[in-house]
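Q: Since the structure of chain A is already known, use the hints to place chain B on it.
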Amino acid sequence: GAGVSQSPSNKVTEKGKDVELRCDPISGHTALYWYRQSLGQGLEFLIYFQGNSAPDKSGLPSDRFSAERTGGSVSTLTIQRTQQEDSAVYLCASSPQTGLSGNTIYFGEGSWLTVV
Amino acid sequence: QKEVEQNSGPLSVPEGAIASLNCTYSDRGSQSFFWYRQYSGKSPELIMFIYSNGDKEDGRFTAQLNKASQYVSLLIRDSQPSDSATYLCAVRGQAGTALIFGKGTTLSVSS
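Order-wise, the sequence lines are chains A and B.
Quick note on numbering: our numbering labels position 87 of the first sequence as 87, and the sequence is numbered without any gaps.
Quick note on numbering: our numbering labels position 7 of the second sequence as 7, and the sequence is numbered without any gaps.
Because the hints were derived from the structure by calculation, they are not lab data.
Be aware that a few hints might be false.
To be verified - 20 angstroms max Cα-Cα, derived EDC-like pairs, lysine to aspartate or glutamate:
| hint | chain 1 | residue 1 | chain 2 | residue 2 |
| --- | --- | --- | --- | --- |
| 1 | A | Lys15 | A | Glu109 |
| 2 | B | Lys56 | B | Asp78 |
| 3 | A | Lys17 | A | Glu85 |
| 4 | B | Lys103 | B | Asp27 |
| 5 | B | Lys103 | A | Glu109 |
| 6 | A | Lys57 | B | Asp27 |
| 7 | B | Lys67 | B | Asp55 |
| 8 | B | Lys42 | A | Glu68 |
| 9 | B | Lys103 | A | Glu85 |
| 10 | B | Lys103 | B | Glu15 |
| 11 | B | Lys42 | A | Asp24 |
| 12 | B | Lys2 | A | Asp56 |
| 13 | B | Lys67 | B | Glu3 |
| 14 | B | Lys42 | A | Glu44 |
| 15 | B | Lys103 | B | Asp83 |
| 16 | B | Lys103 | A | Glu44 |
| 17 | A | Lys57 | A | Glu68 |
| 18 | A | Lys57 | A | Asp24 |
| 19 | A | Lys11 | A | Glu109 |
| 20 | B | Lys2 | A | Glu44 |
| 21 | A | Lys57 | B | Glu3 |
Unchecked claim - Each pair of labels, with its calculated beta carbon distance range:
| hint | chain 1 | residue 1 | chain 2 | residue 2 | range |
| --- | --- | --- | --- | --- | --- |
| 22 | A | Gly16 | B | Asp78 | 51 to 57 angstroms |
| 23 | A | Ser38 | B | Glu45 | 32 to 38 angstroms |
| 24 | A | Asn52 | B | Tyr39 | 34 to 40 angstroms |
All residues carry an ideal CB built from backbone N, CA and C; glycine is no exception.
Just chain A, same shape as in the assembly (with noise of 0.2 angstroms):
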């Protein structure tokens, strides 16, 4: 596609229940970012896929946090047993290649998650 593409863009949850947030980045790019933003703070790094390395899960709050990336395209990140502090907006971001010179990494939309 033309873009990061994010889905579901809105989702309200209850607490205790899984979510489960998509990301399909661009055309061709092999690295794949998620962030978390909550209301009014910076991005919080979540997890980095590379090719076929193994990807940086540094960041991921707990336990209750997973991503996968299959087939080196779409990924899905899935928060189990949500809590309220879980509510932010989840961004996806792809970059081409890690070369210098792709360095430059795009957005989605982002994944507006509510846990009530």
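A: Okay, now just chain B, sitting in the frame of chain A:
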């Protein structure tokens, strides 16, 4: 833990003035540096990036990098009310590593 620090602001400047936004980073091995702009309720959008020490100009924007001081800045000349947004500094270490963002500086340009 790699850190990127920014003054949260708000930074208030009058229309037509120069706005100066600053960022420091902890990882001395960082190689590439980015400035993103984020309007309220929107996703970040890239303004410019810089890899080498010195200045890089793009229109009204100038990025400045000093690796020895681990400092990167963004100057906005002839500031306009439409420049009012949050400016995010982002830093990448070695190639193939994650891009880490600062918390952003809120800029307000008054007409």
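Q: Compare the structure with each hint and give your call.
A: So, going through the hints one by one against the coordinates:
1. A/Lys15 - A/Glu109: violated (24 angstroms)
2. B/Lys56 - B/Asp78: Between B/Lys56 and B/Asp78 the Cα gap is close to 17 angstroms, so the pair holds against 20 angstroms.
3. A/Lys17 - A/Glu85: holds (13 angstroms)
4. B/Lys103 - B/Asp27: Distance of about 16 angstroms is within 20 angstroms: holds.
5. B/Lys103 - A/Glu109: Given that 20 angstroms is the threshold and the Cα spacing comes to 19 angstroms, the pair holds.
6. A/Lys57 - B/Asp27: With a Cα-Cα distance of about 19 angstroms, the restraint between A/Lys57 and B/Asp27 holds, given a limit of 20 angstroms.
7. B/Lys67 - B/Asp55: Status holds; Cα separation ~12 angstroms.
8. B/Lys42 - A/Glu68: violated (25 angstroms)
9. B/Lys103 - A/Glu85: Roughly 18 angstroms between the alpha carbons, so the hint for B/Lys103 and A/Glu85 holds.
10. B/Lys103 - B/Glu15: The given pair, whose Cα atoms are some 24 angstroms apart, is violated under the 20 angstroms limit.
11. B/Lys42 - A/Asp24: Holds: B/Lys42 and A/Asp24 sit about 18 angstroms apart, inside 20 angstroms.
12. B/Lys2 - A/Asp56: Holds - the C-alpha atoms of A/Asp56 and B/Lys2 are around 14 angstroms apart, at most 20 angstroms.
13. B/Lys67 - B/Glu3: Status holds; Cα separation ~15 angstroms.
14. B/Lys42 - A/Glu44: Distance ~16 angstroms between B/Lys42 and A/Glu44 Cα, so the pair holds.
15. B/Lys103 - B/Asp83: Holds, at about 18 angstroms.
16. B/Lys103 - A/Glu44: holds (8 angstroms)
17. A/Lys57 - A/Glu68: holds (11 angstroms)
18. A/Lys57 - A/Asp24: holds (19 angstroms)
19. A/Lys11 - A/Glu109: holds (14 angstroms)
20. B/Lys2 - A/Glu44: Satisfied, since the Cα-Cα distance of roughly 12 angstroms is no more than 20 angstroms.
21. A/Lys57 - B/Glu3: holds (17 angstroms)
22. A/Gly16 - B/Asp78: 51 to 57 angstroms: holds (52 angstroms)
23. A/Ser38 - B/Glu45: 32 to 38 angstroms: For A/Ser38 and B/Glu45 the Cβ distance comes to about 20 angstroms; the hint is violated.
24. A/Asn52 - B/Tyr39: 34 to 40 angstroms: Holds, at about 36 angstroms.
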